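Trainee: Here the protein sequences come in this chain order: A and B.
According to this note's numbering, the first sequence is numbered sequentially starting from 1.
According to this note's numbering, the second sequence is numbered sequentially starting from 267.
Worth flagging that the hints you see were computed from the coordinates, not collected in a lab.
Heads up, a few of these hints could be off.
[Unchecked claim] Between beta-carbon pairs, the in silico distance windows are:
#1 B/L325 to A/I8: 17 to 25 Å
#2 B/F312 to A/E127: 52 to 60 Å
#3 B/R360 to A/H62: 21 to 29 Å
#4 B/R360 to A/I112: 36 to 44 Å
#5 B/E374 to A/E227: 39 to 47 Å
#6 A/H247 to B/E374: 46 to 54 Å
#7 B/L425 to A/M53: 55 to 63 Å
#8 B/I292 to A/G229: 56 to 64 Å
Fair warning: this is a prediction, and the values are worked out from it, not measured in the lab.
Where a beta carbon is used, it is the ideal one built from N, C-alpha and C, also for glycine.
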Amino acid sequence: MYNLFVFIKKYNAVILFVILELLCILMIVQSLPYHNRKMVNVSDGIAGGFHKMTANWSDYLHLKSENDVLSQHNALLLSRLGCDEVEADTAYYDDIYTYIPAHVVNNSIYEINNYIVIDKGKVDGIEPDMGVICDGGVVGKVLNVTNHYASVMSLLNSYSVISCRFVDNQYVANVVWDNGNYQYGLVKDIPSHLIIKVGDTLVTSGFSNSFPADIMVGTIEGKKGEENGMFNMAKLKFSTNFSTLRHVYVVKNNYKAEIDSLCITR
Amino acid sequence: MYNTLIRNIFWFLILLILQIFVFDNIRFGNYIHPYVYVLFVMILPFETTRAQLILAGFLMGMSVDIFSGTPGLNAAATVFMAFMRPVIIGLTTRKSDIEDKNSPTVTEMGLQWFVVYGLLLILLHNLVLFWLEAFSIRLLGIVIIETIISVPISFVIILLIIYIFKPIKK
């Protein structure tokens, strides 16, 4: 027993070092798989309030540009309303999806897995797996929800896969992110017989029931080689500017439960 | 005694605020990640025991982690750096050099010594941090590029902070 005390006294620093490092690595590993990443510390409590406060301050600095974007969007919506005025009251299409506006309170773009925190939560009807879009295009999917905040896995995440469609020829492909620049992504699973042109537009396919169809994702920047002979890959420029993200809309699918009940569980 | 304690608390708060308010928000490019809070562990007095250094490093790293939503990441790197600090001091000084000195700062040890000491410690910290962040061998290239670019920039910013908050001589 005495020897044990001597040992601990002599190597107390090394023992402390090993214990703390193991503790840290345990915490990192626990937060590693994206669905376990609770982001509790960012979403609620002191840190949540802190991020909200800094977001409040910095919002003032962007009011002018933000107003421009909103008025542009307004004009677009008004012009659409103008053309479709005749059929407006018979349109049933709109009530499939409801859009919940939200503010970005924390955003990252330079990590390997990037997450966004928004200021709407369970109370406002946000649920995990809902899609998030902005005026520019697709942003990501809701990951975790607390009462007043939600964490969103942005497209800039190695776990993110979005099902997309070429506007020109209706072929479907998947968009992922290859840990590089926040402006560019990677289109995978393009059938090799398909001729890809620079500037081709990709929109959401609408198959995932998180996003409505025809939301802009990005445009092709160039070919990026083959993927096991069957499929091609291409470089994509996101239409969303992730570095200036402030206002987003959470997409709520009103028939999600109904669609899910049809899905065959394997 | 009180003086040292107050000075350390001051540095802790200043560096925490600078890190989470300024340097976590302003990033200068894809590979540049300045971490300035490591200065806190670097300038603790010579007489600080190794266990105290490690605890201080853990506290500092964990505080940054809480605000950046990365549990354990900064803490692990800072604990490792704190553990290695006595080794680096042993490598870069002779025992007789530091007998009458209080703490490893620029004012007491000179700029030339501090450049070697600071760069080595930041290198250790950044290597561990970027490695744990990537968590795979596949991204080794990115880890090395990030480290090579970030270390000198972190160090220059730390030097600027030191000169900005330098006490005025009476």
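Trainee: Between B/I292 and A/G229, is the Cβ distance one that fits in 56 to 64 Å?
Mentor: Given about 45 Å between the Cβ atoms, the range is violated.
Trainee: So the hint says 46 to 54 Å: do the beta-carbon atoms of A/H247 and B/E374 match that?
Mentor: holds (51 Å)
Trainee: If I claimed the Cβ atoms of B/L325 and A/I8 lie 17 to 25 Å apart, would that claim hold in this structure?
Mentor: holds (22 Å)
Trainee: Does the hinted range 39 to 47 Å hold for B/E374 and A/E227 at CB?
Mentor: For B/E374 and A/E227 the Cβ distance comes to about 59 Å; the hint is violated.
Trainee: Quick check: does the Cβ-Cβ distance between B/R360 and A/H62 fall within 21 to 29 Å?
Mentor: Taking Cβ atoms as reference, B/R360 and A/H62 lie about 55 Å apart, which means the hint is violated.
Trainee: Go ahead and decide if the range 55 to 63 Å is satisfied by the Cβ distance of B/L425 to A/M53.
Mentor: Since B/L425 and A/M53 have Cβ atoms about 31 Å apart, the given range 55 to 63 Å is violated.
Trainee: Quick one: are B/R360 and A/I112 within 36 to 44 Å, going by C-beta?
Mentor: Distance hint for B/R360, A/I112 holds at roughly 43 Å.
Trainee: A range of 52 to 60 Å was offered for this pair. Does it hold for the Cβ distance of B/F312 and A/E127?
Mentor: holds (56 Å)
Consistency note: the structure conflicts with the earlier hints numbered 3, 5, 7, 8.
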